[in-house]
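Letter by letter, the chains look like this.
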Amino acid sequence: MTPAALLFFGSAAYIGLAHGSELLLHLAACAGLRKAEESGMLAELPQLHSDLEPPITLVLHVHDNAARAAACTRALLALHYPSLEVIVVNDGSQDRTMEALRDAFELLPFPEAYRIQLPTQPVTQIYRSTRHANLRVLDKQAGGCADAWNAGINAARTPLVCCIDCDISLQPDSLHSLALPFLADADTIASTGALSKFSHDDRTWSRLAFVSALRTQLFAPLGWSALNALLVAPSGVQLLRKEAVIEAGGYQISRTVPEAGLLMRLHVLANEKQQPYRIVFVGEALGSRQPLLQQTASERCRTWQRILLRSACSQRALLWRCQVRWQLRLAFVFLLLFECLGPLLEVASYAWVAVATATGLISSQACMIFLLFAVGTGTLLSLSALLLDALSFRQARKLSEPRKLLAAAVMENLGYRQMRAWWRTVELASSLRRARAAGMTRA
Amino acid sequence: MHSFHTCLQVLFWLGILAFGLAMAMAAAFLYLQASSRRSSQEELVFLHAWRPLLLGSFHSAVPAALPVLERAHRLHFLKLWNRLMQDSQGEAAERLIAIAHAVACAPFCRRYLRQGNRIERLLATLTLGRLRDHIAWDDLVNQTLAADPQASLLAFHALVRIDAEIAAQQLTPLMLARKDWPVAQLASILQPAQAAFIPVMIDVLQDSRAVHIPRTLRLIEALRLSLPQASIRHVLDTADSTEALIGTLRIINDVGLLPQARAYLRHEDWRVRVQAARMLGRIGEHADVNRLIPLLADAQWWVRYRAAQALAGMPFMSRAEMELLRNNLSDRFARDMLSQVLAERKPA
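Residue numbers (numbering that gives the first Met the number 0), protein chains in the order written: chain A, 0 to 442; chain B, 0 to 347.
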């Protein structure tokens, strides 16, 4: 076989492998979804509640956000959960954020014996609200989001913490969903969900995004969760066992995407200690990003690519570390091959086939067969996500116009998916450029 | 060249296979959507006929002639009936139970329990428990052994509803062994039936070989039960794990146990010291103030915090006395902790 033919079949094999492994993930997700449809039906029935749910601390990072800090805090205080504390961390704001919080919640200085378990920028003052007994505000020198979250974790007095930013609004019962895995299994150290609403409107674009979100933000994480190998969470919202986070060193200060790599560090630590543990993806939408701050589709893709790259780089030792479960190693290889490098290899595959066909290196018939294979397996994947969704969540989600959704599942593979791959490739390239520039600066 | 064409053919057929499977999935998706729509419409028809009838039973007697419950509507009936039973008590609940008997609910629920799919089994379990159906006892006991935590816990709940005394005798070992039954949910189930379970749980605590003592203690704490002094003393004497010790200290509310429990203020495990300090906060005496003061300088933040809270919570310690104590402390950490706890207790 000629080198051109080898490259051609290599490209097809890569796409087949990527789609095939994602399909296997959907099958793995089925294990966790087996009862989801039934639970949907039973959700209307009386539930057993006893107000013995584990207490949770919500840590909210605010920085130069006088306009929204108080409203965000109020929204958190209004969440439905029996035992909830809110810690707002004002991260060295230069505007009127602190004054806005002081006015809204009648804050008074509080002489707290602040315990430093994670190093952070100095906390200058701690306040307690005279209106809400479960609200404290930490005023600290600027250090970034991760630094603020770490300060909030230091001040938290509950076994579970959840760190969020001002641009996320949570569903009223999202904390219940996140706390359930901790109630069901004492070995749970983290639970997370999605920020997508898993719904769509009448626009074609919305349907395409819905099908794509089902695949990437619901069933793929559910699959990894079923194998207890979820390395990267699709949303930044994670409920964490405080002890475990502190042991893992908290959020990484140097990173612009603070949550990147945290779940992987938790996995590695628990593996090293050979202790039983669970990191669970709850398969529910926990909330959404604020409409005003919503990113465009391309920005979302690029941010996701950045998180994946940072997560993979931070824990690359997973590849050769000895005491690692096979599921974790498999998840890491998948992350590297199909998530981090996937977009580049996918774009390169399509580009190579196009160039080879144009220059006569391969026949147009071979090109058509390549497209048939790539689009066929991609469509199979999209439809499998739709079918799984219909099987597991049909009580919860009444999907309108199923035929148009089917069309979207096919169309997703005729441009939308490739466009997302292109955006992520651009991010990959610029990340590499940034990394090289940083390396040269250090040198 | 030959191998190139063979590979190309394989690729072609794989593509066709993928499309074929995709089409099959599309058909299954459309079928599911259609069946879901049909089922919703059926439920609407059922609700139209039965909801007013069941709601009416809240206020007035059961009608002499009830419509026939169609086979297709049985699950909808069980869903609606259980939802209404949740909010009803007394005569209203009795009337709902009478309606369930009138439509021969128990026999088909027993059949569902033995042969139904998961939804049917779960709804039947819930219903048979509410109907206090003794005939289904053995089948429900079998279901408590199921690997599925939701199904087995619901079966346990049903058995407790049917006969709490026998359930306590038969199922306490299973209840303590099933770690997948969350303590919080068990506490909810046992709340109305705690009288039946207390003696059995005390027996478990008396058996020093029992491996489930920490879980039993957590349940006792969740149910806010008070145990006889002798039982707690026995556990303290024989506890061979830190968890059992912590669990015991958490439930001590008897002043008679103070002499024995005070010794744990100096325990090497800080989690035990925390619970010992909390216990003194609940039932401590004047003499315990001097025992708690050294804990204010403990190396562990939580021990310092709970000791300060215990001191501040003692009814005979006035604010002025606490402030005096704070000002006289030489340890900075102890002073800071007392300041924090005093601030927490300051009225807003």
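Among the hints, a few may not be true.
[Claimed, not checked] Partial list, computed: chain A residues near chain B (C-beta under 8 Å):
id : residue
1  : 2
2  : 8
3  : 9
4  : 16
5  : 365
Think of the hints as simulated: they come from the structure by calculation, not from any bench. Here a beta-carbon is modelled for each residue, glycine too, at the ideal position from N, C-alpha and C.
*Starting from the hint list further up, note which numbers the structure goes against and sort them upward.*
1, 3, 4
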